[in-house]
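Trainee: The chain contents come next:
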Amino acid sequence: MNFSLRQILALVVVSGISIATACGGGGEPTDDGADGDAPAAAGPVVSPDSAAMITGTVSFEGTAPAAEPIDMSEEPTCAEKHPDGAMRQLVMVAGGGLANVYVYVKSGLGDRSFPTPSAPVTLDQDGCEYMPHVLAIQVGQSLEIKNSDGILHNINTQPTVNRGFNISQPVVMETSREFSQPEVMIPVKCDVHGWMEAFIGVQAHPYAGVSGADGSFSLADLPPGEYEIEAWHELYGTQSQTVTVGVKETAEVSFTFSSDMAGNHVPLGEPLVLR
Amino acid sequence: MSTKGFAIGVALSAFVAAAPAAAQETPVGKAIYDKWCAECHGEDGAGDGSAAAYMLPQPRDFTTGLYQIRTTPSGELPTDDDILRMIDEGMPGSAMPGWKEYLSDTERNDLVQYLKTFSPFFEDEAPSPVEYGGPPGVNEEGLAEGKEFYDKIECWKCHGQAGRGDGPSAPTLEDDWELPIRATDLTEGWNFNGGHTTEAIFARLMTGLNGAPMPSFADLIDAEFMTEEQLWRVAQYVKSLSPETPEVREVVRAALVETLPTSVDDPAWDAIERFYIPLVGQIIVEPRWFAPTVDGVWAQAAHDAQRVALRLTWNDPSESPNPEWEEWRQRVVSVMEPSVEATDELLSDALTVQFPTTIPEGMKRPYFLMGAQDEPVYLLSWNSGGGATEALGRGMNAIEPIGGASTLTTESTFDDGQWRLYLSRDLITESADRLAIETGRPIPMAIFAWDGSNGESGTQGAISTWYFLYLDQPTENITYAFPVVAVLLTAVLGLVIIARAQRATGGGGPEPGSD
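Quick note, the sequences are listed as chains A and B, same order.
Residue numbers are given in my numbering: position 133 of the first sequence equals residue 133, and the series is strictly consecutive.
Residue numbers are given in my numbering: position 18 of the second sequence equals residue 18, and the series is strictly consecutive.
Please keep in mind that the hints were generated in silico from the structure rather than gathered at the bench.
Note that the structure is a prediction, hence the values are computed from the model and not measured.
Wrong hints could be hidden among the right ones.
Stated by the list, open to error - Computed cross-link-like contacts, BS3-like style, restricted to lysine-lysine with a CA-CA straight-line distance of at most 25 Å:
#1 K152/B <-> K146/A
#2 K35/B <-> K100/B
#3 K81/A <-> K152/B
#4 K100/B <-> K30/B
#5 K81/A <-> K146/A
As the list claims (entries may be wrong) - Per the computed footprint, the stretches of chain A lying under chain B, defined by three or more beta-carbons under 8 Å from a beta-carbon of chain B, are:
#6 148-156
#7 163-176
#8 182-193
Note that beta-carbon positions come from the ideal geometry of N, C-alpha and C, so glycine has one too.
Chain A extracted, bound-state conformation (with noise of 0.2 Å):
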């Protein structure tokens, strides 16, 4: 493997952060699931005696791709926070565990609602990369986006399901937006540094995050249930497993990923169906 300690511990973080943001509307007890202005009518919102959870892995079998340098030198902002030359990693493996996959609640969750989480999410364009690189975000849920890096970047969302924006932020800044629909992914790029893309998640409820660095995640805070959980990697696609938790039960789920499904399915939002 050949990134550097700073590139996972900028990976440690991020994905740490997105999937704390993306459960936090779960119900936990610190967060606005529960908190007392949180809007009651959205929905049920899971007790915590009998919240359950679902945690695992996902890990990656097989070589990965080797990483290819990007060109910055048009970019003299961004090269420099790179001083080791920036590379272009898509699968992110580190312990046998694949980091930067979507894992989310497919189905299970039967007809329940569920209050839109008043923290918003954030990505960043910082050294012309966003970070992260795959993040969850609820329906309604506030997108924040920034540029951390001064220079022109315009952000040019690229959905199926939902309506996309294509808009410009050529100086540090921040602007919001969200979702509407749920959407499994949406493509996010630079057209002014076609290296830069992310992928986000829309779910209409909370149970969904992106593994870490070390693949690990966490959906916490689930109803009691049969679920069926989808994980989704930019390269190899989804898989699926199905799965039972109990009151305040945990249950363990691992996915694998391996080199050889590289030519698989990507999914990029719902096919549009024509009447």
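Assemble chain B onto chain A, guided by the hints.
Mentor: Frame of chain A; chain B shown alone:
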């Protein structure tokens, strides 16, 4: 639905045509679509009609609800009026023509409603236009501020310092369908989709072009980075980059000058008239080319009765051969020529000026695609990799340099997405193969241009039809004498008349110096 129901529906839709309406399939809308639109946009509106493969930009895929030219915020659906405008005016930078004069109001409004049935998004969204005020008055300070913000918001990243679509990110751009897409050349406003009024340009800045890399800049106003007025200044500055819409004239006039311009950027060229010659892709001889870069060349000509000089100016975002545009070339070739493996060889830019080998009588001209076996053409062929030569063409694939001493001199220069080429030679040479250039006679002339970084060479390039080069006739010395003699005669006659008149009135007129 019964026939009667249909009829009522049609009548109603005609009645409320101006108001936003729900997507609906009317027999008129569908019939018009199937007849005029489906060949490019596909029967189901997916942009995959039988002609689509020959186009870049490709026809719009209506199933996504992504429309470039709108008055609504970035990502939103267009209003009915927005769609109607695109049908009425067409999309000048593409193969999409305007239909206003060919279809009735009812037909075009029904078509709008039918197009909306291709995308489920139109079922539940009612977009409204972005609201903003009008433009401030244009003035020098305003244009300077516009340029300042053009730099600050980094329009140049894609559109280039001079606006010619040659910014550092231009070679990597792709649309939502992953097809290569040009950064618009802002100096050719007549090619702007959506029109090139200041208002239209401002609307593009506010709303972006859905499906294309061009983003919306509206958030910069919300974030108080710039004011709406400053964004208007950017629009006015962009508008100022194309001060004229070229008028196409058949004859390129070579003025007679005392001192011939001697180089490509000789200031003497500034005083010499420019003539615009539009170019299109060569689609007659195989392999054809449907995606040319060069869409027009400005020609200037002058002569001093001994030599003729031409200056040709054209926009091309890439100075080829150019490794930075290799990725672009590979992508264009893979879209336009999916069965052809793109070569690894870097290609040069090139331009050829074509003439007959002798000035024809009347309107007769050789075959315009580099001549024919029995009727060759005389070519001035320039290549960015190797200067210019004189050649004979007997067809597009049969071009041979003319041997012997040449009087041709050449110079070329490239900056900010523009080539300027100087070509000069003696009017009369000793060689029979080299066209004897006479003054006072229209000489057929055509132009070919190739952008190497766009994968163009050989038959795959841009061509013009025949135009004429006309060298002003030198005026004989005797001609100069006529006006002088005429003036003198008039003066003498005048004196005689005055003298007689004075005599007739008894010398009553005031004498010179009397007062």
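Trainee: All hints are to be evaluated individually against the structure, with a verdict given for each.
Mentor: Right, here's what the structure says about each hint:
1. K152/B <-> K146/A: holds, 18 Å
2. K35/B <-> K100/B: holds, 16 Å
3. K81/A <-> K152/B: holds, 22 Å
4. K100/B <-> K30/B: Status holds; Cα separation ~17 Å.
5. K81/A <-> K146/A: holds, 16 Å
6. 148-156: holds (count 5)
7. 163-176: Result for this restraint: holds, n = 12.
8. 182-193: It holds: at least three residues are needed, and the stretch 182-193 of chain A offers 3 whose Cβ sits within less than 8 Å of chain B.
In the structure shown, no violation is registered for any of the earlier numbered hints.
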